[in-house]
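Protein sequence lines correspond, in order, to chains Y and C. Just so you know, we're using UniProt numbering here: the first sequence kicks off at 1 and counts up by one. Just so you know, we're using UniProt numbering here: the second sequence kicks off at 1 and counts up by one.
No wet-lab data here; the hints were simulated from the structure. You may find that some hints are simply not true.
Far from chain Y, some chain C residues (derived; all Cβ distances over 10 Å) [unchecked claim]:
| id | residue |
| --- | --- |
| 1 | D13 |
| 2 | D92 |
| 3 | I100 |
| 4 | N104 |
| 5 | Q107 |
| 6 | L109 |
| 7 | E114 |
| 8 | E129 |
| 9 | E198 |
| 10 | I222 |
| 11 | D246 |
| 12 | P290 |
Quick list of the computed label-pair ranges, beta carbon to beta carbon [stated by the list, open to error]:
| id | chain 1 | residue 1 | chain 2 | residue 2 | range |
| --- | --- | --- | --- | --- | --- |
| 13 | Y | G233 | C | E211 | 49 to 55 Å |
| 14 | C | T105 | Y | I282 | 57 to 63 Å |
| 15 | Y | H132 | C | G102 | 30 to 36 Å |
| 16 | Y | E225 | C | G102 | 32 to 38 Å |
For every residue, glycine included, the Cβ atom is placed at its ideal position computed from N, Cα and C.
There are 2 protein chains.
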Amino acid sequence: MTKYLVFGHKKPDTDTIASAIAFAYFLEQEGHEAEAVALGEVSGEPVFALEKFGLPVPRMIETAANEVTHVALVDHNEPQQSVDDLDQVQIDYVIDHHRISGFNTAQPLYYRAEPIGCTASILYKMFQEFGHQIPQNIAGIMLSAIISDTLLFKSPTTTEQDKAIGLKLAEIAQVDLYEYGLEFLKSGADISKQTDEEIVDGDAKNFIMNEKNIRIGQTNIIGFEEVLARKEGLLEVMAAKRAEMDLELFVLVITDVLESNSIGLAVGEDLRVIEEAFNTEIKDQQFELPGVVSRKKQVVPPLTAALS
Amino acid sequence: MTKYLVFGHKKPDTDTIASAIAFAYFLEQEGHEAEAVALGEVSGEPVFALEKFGLPVPRMIETAANEVTHVALVDHNEPQQSVDDLDQVQIDYVIDHHRISGFNTAQPLYYRAEPIGCTASILYKMFQEFGHQIPQNIAGIMLSAIISDTLLFKSPTTTEQDKAIGLKLAEIAQVDLYEYGLEFLKSGADISKQTDEEIVDGDAKNFIMNEKNIRIGQTNIIGFEEVLARKEGLLEVMAAKRAEMDLELFVLVITDVLESNSIGLAVGEDLRVIEEAFNTEIKDQQFELPGVVSRKKQVVPPLTAALS
């Protein structure tokens, strides 16, 4: 029996929290001791789902090596998105649906990544393969992760597998998929109680593109009016982050989850690379991203290409 | 439908060849076009297995991007072990059982690694999960890979999963596992047609230990008599390689696959570190390695410890 800490990326979102909880439960079924923890404060959307399904909010950690020697990563693999002392623990498992970047181990490990909408969908398949039942509350949080990552199957990252698995999880969780899905998405898109800092940086991630530091945030909203009324404040936070983190670019993708459409805000020395990447025009640091809902599929690749 | 080239590492061994063939077949079942190819001449052990099960020897390639835009890697992930123009193609699949090192992608991909004895064992599980039948000849070559990588389940890298999967593959391949296993291992252990260079360097790998270059080769034989009759020639090749590659040490592990026992030959300025690592005495550059069969698990770790 090994004792594991299981965690997703910093700035935890619903998939990171749900997958940590689901995989910790999975490891317990495999005879290990495992605890789902979070690399940052859990707020907003995932809290709504945790409350809905009666699950506790995972404890926050700063470092892992002071508690365990073995860890499992979910929903990420890039060291800068992970726990600060990752190099001082042994990574035995990675379950993820992102590109692989900067990830190295000294030992063979269990690594399972698939190019599908959600880490929780991969975990569903692993529960099947290993013959473990999924309890109702864990099915509920896994379903929430799929709804969150696929925007209720509207994101181009969605696969037929995510849809089929979502339907099965809704059955186990005993909720109506579309009714709960809209209720859940609306809870995450309510920015009235969020600070400018939370909107800008709540889900932001750093990417190294052609040796440059690029930070890309994404916020879900319903209707652009409310968020654009706060544009000046948002740009100020972005400029401050850029100086603080020595960024080439900070891009915020503002996504209307009901219309499946986005607007971008950008801060940087030279924004022509954004015009090139998205074949668009920038006015007052703002640009259209029609039909864009996925940072991973529709923002990172064209920006990477334009920068290289 | 995507067209794939599927390949394992340079200096192809049985697992690399078998897994390329099996995964190319798997991709065809998934509706893709796929061809198993080799990054180097296929000789010895894998050729025996291919002939036994009536499979053609995979074509050799030097580069991939001149033929396809998409590739699948099996049995390796480190770029220096892969095709030279790996950075010019998109890697959609990796199926492997090694550590992850230096591997990066721009896109999400299907990556499945497990810490078990053989890549072919992981592929067997994928055929099960996806509901694809394994044809008799492909089961035979996959079985050969498991026998090769685990030395018929005697290597400490062997897991219970490799054993159970080996038994199932032997059934599909319609061979007696132990009878065929011995016949196959003997074929790979026939050094009568190998040059001294092939014996010494055919499967040699470089390791950096405490900032020193150490090269460790391994050759499988049956009975030490024949190989030790060629000791002088082998040591000459080792000394030449040492000078050419600026090596601190060149160690050749000669493994009797039937007795699960090894003898080492060593070339270097100061061989006391070997006496320390393996708690042994060196006579005429030769030493005993009782019970040792795995370079990865039984040679590299003690030598690394002794050198640090």
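For this session: Determine whether the Cβ-Cβ distance between T105(C) and I282(Y) falls within the hinted range of 57 to 63 Å.
Result: violated (29 Å)
Problem set entry | Minimum Cβ distance from E198(C) to chain Y greater than 10 Å, as the annotation requires | holds (28 Å)
Exercise. Would you say P290(C) is clear of chain Y, with no C-beta pair closer than or equal to 10 Å?
Worked result: holds (25 Å)
Problem set entry | Minimum Cβ distance from N104(C) to chain Y greater than 10 Å, as the annotation requires | violated (5 Å)
Problem set entry | Distal placement of I100(C) relative to chain Y, Cβ over 10 Å | The claim breaks: I100(C) does not keep its Cβ more than 10 Å from every Cβ of chain Y (closest is about 5 Å).
Exercise. Are all C-beta atoms of chain Y more than 10 Å from that of E129(C)?
Worked result: violated (6 Å)
For this session: Take a quick look at L109(C) and tell me if its Cβ sits farther than 10 Å from every Cβ on chain Y, holds or violated.
Result: violated (6 Å)
Exercise. Could one say that the CB atoms of H132(Y) and G102(C) fall in the range 30 to 36 Å?
Worked result: Holds - the Cβ-Cβ distance for H132(Y) and G102(C), about 34 Å, lies within 30 to 36 Å.
For this session: Take a quick look at D92(C) and tell me if its Cβ sits farther than 10 Å from every Cβ on chain Y, holds or violated.
Result: Non-interface label on D92(C) violated, nearest chain Y Cβ at 8 Å vs cutoff 10 Å.
Problem set entry | Consistency of beta-carbon spacing, G102(C) to E225(Y), with hint 32 to 38 Å | violated (48 Å)
Problem set entry | Claimed clearance of chain Y by E114(C), with the beta carbon kept past 10 Å | The assertion about E114(C) is violated, with a minimum of 5 Å to chain Y.
For this session: Take a look at whether the Cβ-Cβ distance between G233(Y) and E211(C) falls inside 49 to 55 Å.
Result: Between G233(Y) and E211(C), where Cβ atoms are some 52 Å apart, the hint holds.
In terms of the numbered hints stated before, the structure departs from hints 2, 3, 4, 5, 6, 7, 8, 14 and 16, listed from lowest to highest.
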